[in-house]
Amino acid sequence: MPIIEAKGLARTFTSRKRGGRPNAVHAVRGIDITVADGEIVGFLGPNGAGKTTTLRMLTTLLTPTAGTATIAGADLLRDPVGVRRRTGYVPQAIGQTQGGTDNQCKVTEELLDQAALYRIGKDEARARAELLIGQLDLGGLGDRLVKTLSGGQRRRLEIALGLVHRPPLVFLDEPSTGLDPQSRSNLWGHIRGLRDGLGTTVFLTTHYLEEADALCDRVFIIDHGVIVADGTPDELKRRISGDVVSLRVNGDAGKARELLARQPVVRDVAATGDGESGDNRDGDGGALRLTVFHGAEALPSLLRVLDDAGITMTSINLSRPTLDDVFLTMTGRSLRDDSPSAAQPADAHPAEAQLAENGSDRG
Amino acid sequence: MTFIDDTLTVFRRQWRLSMRNPAWVLIALMQPVLYLALFGPLLTRLPAGVLSGGASAGTGGGGTAAAYKFFVPGLLIQLGLFGSTFVGFAIISDWRSGVIERFRVTPVSRLAIMAGRVLRDVVVLVVQAVILVLVGTAFGLRAPVTAVLVSLGFIVLVALGLASVSYATALALKSEDAFAPLVNSVVVPLMLLSGIMLPMTLGPGWLQGIARVSPFRYIIDAMREAFTGTYGGTIMLEGVAVAVGLAIACMWLGSRAFLRENT
Ligand SMILES: Nc1ncnc2c1ncn2[C@@H]1O[C@H](COP(=O)(O)OP(=O)(O)OP(=O)(O)O)[C@@H](O)[C@H]1O
Ligand SMILES: [Mg+2]
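As they're listed, the protein sequences go chains D and C.
Going by my numbering, the first sequence opens with residue 1226, and the numbers climb by one from there.
Going by my numbering, the second sequence opens with residue 10, and the numbers climb by one from there.
Since the hints were made in silico from the structure, they are not lab data.
Just so you know, not all the hints are guaranteed correct.
As the list claims (entries may be wrong) - DSS-like, lysine-lysine: derived pairs with alpha carbons at most 30 Å apart:
{"#": "1", "chain 1": "D", "residue 1": "K1480", "chain 2": "D", "residue 2": "K1462"}
{"#": "2", "chain 1": "D", "residue 1": "K1372", "chain 2": "C", "residue 2": "K183"}
{"#": "3", "chain 1": "D", "residue 1": "K1331", "chain 2": "D", "residue 2": "K1372"}
{"#": "4", "chain 1": "D", "residue 1": "K1331", "chain 2": "D", "residue 2": "K1347"}
{"#": "5", "chain 1": "D", "residue 1": "K1462", "chain 2": "D", "residue 2": "K1232"}
{"#": "6", "chain 1": "D", "residue 1": "K1331", "chain 2": "C", "residue 2": "K183"}
Chain C on its own, in the form it takes in the complex (with noise of 0.2 Å):
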């Protein structure tokens, strides 16, 4: 199919422009595996209990292994929303320097020049993903293969949806001054709502309610779940729901903003 063909085309020559300086891939892991290292052991100190609120309450007592198996699918999250929220400001170069319209006067599919990009930065997130688990591993993570596939399942649905939208925005923004502040100020409360550092069941009564509102608490729940060893409980089919319908109507909007943006 001509879409697909297209996309790869795309997704090949911004594979090889990620890799001429691979560096960068290893410097977007350095804030999560600053959190695994500096704000890690902080919980490996918490009463036991405290960390399983938000998951099945199986987890059992406290200690290094319940704080890694918490944390590391919350620095997880954070990689999945900080990577691919931020994508777009390549694309405003990319308009800037003409590469957008010259792909556009080649009969490529218009929404492959979105797709291959996106693919790219899906991959790199899975393969940052990996390395984070492993140094998760090496400070005393103990996490069943499965529970982190399931985890790269998640990141994969997170990173396609918002890295979509994402260059929908920024290419219809067409400026980093604009679109800087406007990032900043969605993902950082989705964040701090979805319960990445500390339980969202710590607390008021209100900021749980609030906290409902943000998809990814869902999936991070989802998530913990996994590590936890369960895979077939509400908690689990809540996550894969909204991690699904998240992507897709992500997908949506961002490609039909994509198309639109024709000036």
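One chain only, chain D, in its complex shape (with noise of 0.2 Å):
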């Protein structure tokens, strides 16, 4: 049996702003989602997408105005304390609330009461909070104030307030935002600890692709409310069908997409320009990402088309697709282009920062 089960979760919010009309956002708009019993489950979705507001239905924070779904067992709306009693829940920290510390709480009561609330044993409790104090490199810290600690100790903190229960079934919103490269892939060293050691299932919400595609088994892409697509990361490439052509034409860039999107070879043709205004559609940025079947062979034909028109290139690059690729065929934009606000990692995968320097040499 499954360890997630839901069908048609919903969530629409009303909002009535005084005098006006009641405003409604439909943030999630009827999604299915299956989860096998010791998975690893990345969940993808740009800035607004309805990722929070899924998590905190399937946490019983908040009643789906549709849709029902069994938790570990134990049905989300009949036995709300049966679904809490066995998953565990790290919050987004950024957002409406935070990740759940308190500033004037230290570290190691943080851990205790967490355990209190489980209704662990003191003895028990303080044995895995020195165990999870080590595991998540809180080591030295367990009697400062949470309000002492760097960003990323204290989201650290707060992944280790979600495992202290042991749950089968974790929750983890953003859990690596404000980590650095080295807390991040001890976090991963972590999850993967979990699902292997204790078999805990781990479902997660990430904007870093690479991190969905090193550490998930599967991954569910969300757009406006909608699962737009989901399978193993390998599926979700594969379903692309074809290699990634990303080049840089000077001059005619319109002229040049039109050209390559009558070849028999080329599956799509997209400008990616510097992905941030929306200008750049008719390719004037002179960036192109085109998806092509068999790409190495198809390299050669597709240079001469444009060398018979007279356009020349700047440079040229073939590449397999990435999860990135994925995100912009299924969802019609890059993960890196919709908010600049959001945090957003500096070292991303080579299509990304092909995509921030294209934007900057031209600027």
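Take the two lone chains and join them into the complex the hints point to.
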């Protein structure tokens, strides 16, 4: 039996502005999610896609406006306490509410209090707190007030809080936001260890596609409250069926785009530009992204087409599709494009780095 | 029972947090102590009989003893009124930091999240009330121990109800900017109509009429009666009935609202 089975889960927020008509936000529009025991599942989507709302429904914090779910054997609506007993939740650190730690508490006190809420005995709680402090690299911070922690240390404490009771299922909402690369890979190791050692099922949201790629057995992509794709990272990449050719032309990119789109080996052409303004759809930025069958063989013929038309290129790059390409294809935008203000990694994978570069040398 | 265990778990955490800065417990006493020091002496000069208007007539003459037997119960109620209605502010910041949601996803009783806090507030208020009575004694209050215990009982009832409503309201509003004016506009008239500073019987008929709606009016009268050493009269019965009724109604309302607040 799957550990998460959600059917038609939906949530609409109605906010009433003074004097105005009620304003409905359809945050999640009837999604189905099935997760098997012991899976590590990634939940991807741009800002405002409905990830947090979904997690808050699955953790009994928010009543769904429609739909049902069974979580770790307990019915979401009829047995919320059963769900709470068997799940852990690490909330998003930034949002309407924060990650859930109290400035005036000490690190160890937070862990012990959390254990008490799950009615874990004192000695056992102490042992688990110590273990988690070690595992999440909080050594030596046990007696520090939370308000004195760095952002990443605080985040690691919040993650530890969600794991104190060793739940069979844990929801992590952007666990790695604010972590340095080393803490992040340490966290990945810890998550894999949870699954391999305790059989824990992990359901996590992330904006870091390389995180989903490296860590997750399966990913769901959500956009505008709808699941637009799900599968293993490899399946999704294969679904794009083709390789990605990124190139930059001098001059008439619009014409280049037209020419290339006519080639039978080209499945799809998109202008990538700097990715921030919407005005580069016609390719005036000069950067194009092609999805091509058998890229290596197709490349020479594509070059010839452009050459014949007198269009020269400044760069060309052939790569296997990444999850970001999947994302781009599924949602029509790159994960990085959506919100410059959101916490985004500076150390993104090559496809993203290239986009950033393209942007800077034009400006 | 799990609800009681959960309440105690929450209470222990909140108590520990309060004791991290115990100075606040004393700072909250500044206001009533200032009243005691700077306003109380005015009352000692009033002619005999003026202050006994609201309570039983047996107080006898004016002077220091009568003044403080009149004034300290008023200050105790004022302390309870302010101390318990303002607790809601803390839960707004707890909500914002995510602590409330963190507790809500654990199997702990959701009502205990509020009850543990209310219990902490009651204990803090009782400590403050005891200190206030001791300070009052230093100024010249002479009250029977039973009267002090009865007053503490009233304070506990008031705090149980008002703190519950305060938490539920604050959590529904989720904004200090909305909560502060709301609290002030409720508490200040209630306080003025309760006859904390001067007996309501000094007022014109219409004011006395309005004052009848303030539940604290009855509670204060009962406390003042206790301070004169009478415990069995109608005034006491009325006071107890109002205090218990108020506590039950407010706790019921507060917990319902607190549980409904699910988003
Ligand atoms: N309490 C609320 N009232 C009104 N609208 C809300 C509320 N909570 C969320 N929304 C809206 O629902 C949508 C989904 O929000 P949600 O927080 O689930 O997004 P998300 O995928 O987690 O985004 P992010 O990556 O930024 O965390 C957004 O449009 C948001 O504005
Ligand atoms: Mg979110």
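How the hints compare with the structure:
no., hint, result
1, D/K1480 x D/K1462, "holds, 29 Å"
2, D/K1372 x C/K183, "holds, 22 Å"
3, D/K1331 x D/K1372, "holds, 9 Å"
4, D/K1331 x D/K1347, "holds, 17 Å"
5, D/K1462 x D/K1232, "holds, 26 Å"
6, D/K1331 x C/K183, "holds, 26 Å"
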